[in-house]
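2 protein chains.
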Amino acid sequence: MNQKPDNSKCVIAVDAMGGDYAPCNAVLGSVQAFHENQDFQLILVGRKENIISELKENNLDYDTDLIVHTDEVIDMHDHPTEAIKKKKNSSIVVGANLVKENKAHAFVSAGNTGAMTVSSIFGMGRIKGVSRPTLTAPLPNEKNGFTFVADVGAFVDSRPEHLLEFAILSSILLKEIHNIKNPKIGLLNVGEEESKGYKLTLGAGKLLKESNLNFIGNVEGKDIFKGTADLVICDGFIGNIILKFAESIIPFLKSTIKSYADKSIYNKIRAGLVRTPLKESLKNANYETQGGLPLLGVDGISIIGHGSSSPLAIKNMVLRAKDMYDKDLVNKLKEAIISYAEK
Amino acid sequence: MNQKPDNSKCVIAVDAMGGDYAPCNAVLGSVQAFHENQDFQLILVGRKENIISELKENNLDYDTDLIVHTDEVIDMHDHPTEAIKKKKNSSIVVGANLVKENKAHAFVSAGNTGAMTVSSIFGMGRIKGVSRPTLTAPLPNEKNGFTFVADVGAFVDSRPEHLLEFAILSSILLKEIHNIKNPKIGLLNVGEEESKGYKLTLGAGKLLKESNLNFIGNVEGKDIFKGTADLVICDGFIGNIILKFAESIIPFLKSTIKSYADKSIYNKIRAGLVRTPLKESLKNANYETQGGLPLLGVDGISIIGHGSSSPLAIKNMVLRAKDMYDKDLVNKLKEAIISYAEK
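Order-wise, the sequence lines are chains A and B. Heads up: the first sequence is residues 72 to 414, going by my numbering. Heads up: the second sequence is residues 72 to 414, going by my numbering.
Everything labelled a hint here was simulated from the structure, so no lab data went into it. The structure presented is a predicted model; accordingly, all values stated were derived computationally and were not measured. Treat each hint with caution, since some may be false.
In silico lysine-lysine, DSBU-like type, Cα no more than 35 Å apart, as pairs [to be verified]:
| hint | chain 1 | residue 1 | chain 2 | residue 2 |
| --- | --- | --- | --- | --- |
| 1 | B | Lys403 | B | Lys267 |
| 2 | A | Lys325 | B | Lys315 |
| 3 | B | Lys280 | A | Lys246 |
| 4 | B | Lys405 | B | Lys280 |
| 5 | B | Lys214 | B | Lys159 |
| 6 | B | Lys214 | A | Lys354 |
| 7 | A | Lys315 | B | Lys252 |
| 8 | B | Lys350 | A | Lys354 |
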C-alpha cells in the first residue's frame with residue numbers, strides 16, 4: 072500500500088470486485104457516493120487495471136493512487152472459509168484487513184456473503200463479549216416502515232445466547248441508525264404462547280424476557296409484514312430462508328402479472344396500469360435504497376450487499392457506512408455488550 | 072350416535088364448530104359441497120341446536136338426524152394436547168374418533184390446527200411405519216402452478232428421517248391428487264451446495280439422496296415462488312413460519328396499495344386500477360380454492376383449514392376430502408411407506 076489514509080477522516084474501503092456486475096457497479100456507485108458526500112476517503116480494492124479502465128470509461132474523477140490492488144477474486148460460488156484461506160490476496164480478504172490494520176474504518180462489498188462474513192470476523196475480529204455477529208436485514212412493513220430481521224444468515228445453528236446477542240446488537244442499530252428509540256423485539260416462533268417452539272426458542276425466549284430489552288414475546292411469520300415488532304429475532308438458517316423468500320416476492324409478482332397480461336390484449340392494457348402504482352407502493356421493498364446488510368458484532372463497519380447490487384445500491388451502502396462511522400456505531404455496540412455483561 | 076352411515080358410500084365428517092365464523096361458514100360450505108356432489112354422506116359435528124338454527128336461517132336442505140351432537144368446543148387459543156385431553160366431547164375429538172371407529176372416512180375442520188393435528192394422530196392413529204405425519208401446503212409459483220411445502224407445522228424440531236417421511240408422503244399426494252407424475256423434491260436450505268446447512272439438513276439431504284425419490288438437492292427461500300421444485304421439504308418450525316409469512320403477503324400488498332392511494336386523488340384512481348388485475352394474477356394464491364391442508368400419515372383423511380375459512384374454502388376442503396377418498400389416497404400412502412421400508 073502506497074497511500075496514506077488521512078486518519079482524521081473516515082476511510083471507507085469498497086470491494087471493487089464484489090457483485091455480479093463488478094467492477095462496474097461497485098466503482099460507479101462508490102465514486103458517486105464519494106462525490107455526493109466528500110467527507111470521507113474512498114479506497115477501492117480490486118484489480119487496479121480493471122478499476123482504472125472502469126473509471127476512464129465512465130469519465131469518473133478519482134485519485135487512482137488510493138486504489139489497493141488485489142490479484143485474486145472470490146466469486147459467488149467459492150466456499151467461504153476455503154476461499155478466504157486460499158485467496159489471501161483477494162479484495163474481500165484485503166478489504167477486511169484494511170479495517171483490522173486501522174487503514175480503513177469500514178469495508179463494503181456486494182460479493183460472496185459467506186466469504187465477506189468470515190473475512191470480516193477473522194479480519195476485523197469480534198467485539199469483546201460477542202460470540203456471534205449477526206447480519207441484520209430490513210424488510211418493509213405495513214406501517215410504511217421496516218421490520219428488521221436478525222440473523223439472516225451470518226451463521227446457521229445458533230444457541231439461545233446467540234439470539235440474545237443478535238437482539239442486543241440489532242437494537243443498537245435500530246436506535247442509532249434508524250431512529251427507533253425503544254425498538255420492540257419479537258422472537259420468531261410458530262405461535263404467540265410462551266410454550267411454543269423448541270429448545271432454541273424456549274431458551275432464547277427466557278433470556279430475552281429476563282433482559283432489559285423491550286421484548287414483546289413471540290411473533291409469527293405473519294408479523295414481519297404487519298410490523299408487530301421493530302426487530303424480529305431468529306437463527307440465521309430461518310432468517311436467511313425468510314430473506315430470500317421475501318426477495319422473491321417482487322419477481323413472483325412481476326411474473327404472475329406478466330402471465331395475466333399475456334392472456335389477452337385487454338389484460339395487457341390492464342396489467343400495464345398496475346406496474347407504476349405497484350412499484351411506488353412497494354418502494355420500501357427496494358433493497359437498492361436500504362444500504363445493504365450490516366454485519367454487527369465485528370470490530371469495524373462491515374456492510375454486505377446483494378450480489379446483483381446496482382450502482383444506486385452500492386452508493387447507499389457506502390453512505391450507510393459513512394453514517395455508521397459518524398454515529399460511532401461500533402463503539403456504541405461495544406458499550407451495549409459491556410453494559411449487558413455487567414448486569 | 073343414532074344415524075347409521077351407509078358404508079358403501081364415502082362419509083365425510085365436518086367440524087361445524089371449527090373456524091372464526093363457525094358454525095356459519097362450516098355449515099354453509101359443507102352443505103354446499105354436499106349439494107354439488109351428492110355422492111357422499113355428510114356428517115356435521117357440533118352443537119346440534121346451533122347447526123339446526125344455521126341450517127334454518129339459510130334455508131338449507133340437510134337431514135338433521137345425521138348431525139353428531141357435541142357439547143364442547145376447542146377454540147383457537149386452547150393448548151392442543153391439553154384441550155383434546157380435557158374436552159373429550161368437543162367436535163375436534165369426536166370428529167377424529169368417527170374416522171377411528173370407521174363411521175366416517177374423512178374429517179375436515181377449520182378449527183385449532185394444533186388440536187386438529189393431535190386429535191387426528193391420536194384418534195385416527197398413524198399409518199404403520201410413519202413416525203411423524205406432515206401438513207403439506209400448496210404455495211403458488213411463477214409457473215402458474217404450486218410449490219408444495221412440507222411440513223408446515225404438524226411438528227417442530229424434526230429429525231432427518233422425519234423429513235424423509237414428509238417427502239415420501241407428500242410426493243404421493245402430489246402424484247395422486249395433483250397429477251404431478253414424478254414430483255421434483257428439494258430440501259429447503261441456505262444454499263445449493265451439499266455442504267450447506269446444519270445437522271438436520273445434512274442428515275436429511277443424505278437420506279433423500281439415497282432414496283428413490285426424485286430429489287433435486289438443496290433449494291433456497293427464493294425457489295419456492297420460482298417453482299424450482301414441486302415439493303420443498305423442511306421441518307415444521309420453518310415451514311410454519313414460511314406459510315404464515317406467505318399468507319401475509321396479500322394483506323401487506325393491500326395495505327401498501329391503500330397507503331399509496333391515500334396520498335392523492337391521482338394515486339387513488341391509479342390504485343383502483345390495480346386491484347382487479349392483481350387479484351386475477353394472484354388467483355393461485357387464494358387459499359380458499361386450495362382445499363385446505365391435508366395431514367398426511369394418519370390412518371384416515373384429515374384436512375385442516377384456515378381459521379378464517381369462507382364457505383367456499385370449506386366447500387373445497389370437503390370436495391378435496393371426497394377426491395382423496397375416491398383416489399384411495401390413504402391406501403396409496405400405506406403402500407408407499409411399506410414399499411419404502413422394504414428397500
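Which hint numbers does the structure go against, in order from smallest to largest? 3 and 5
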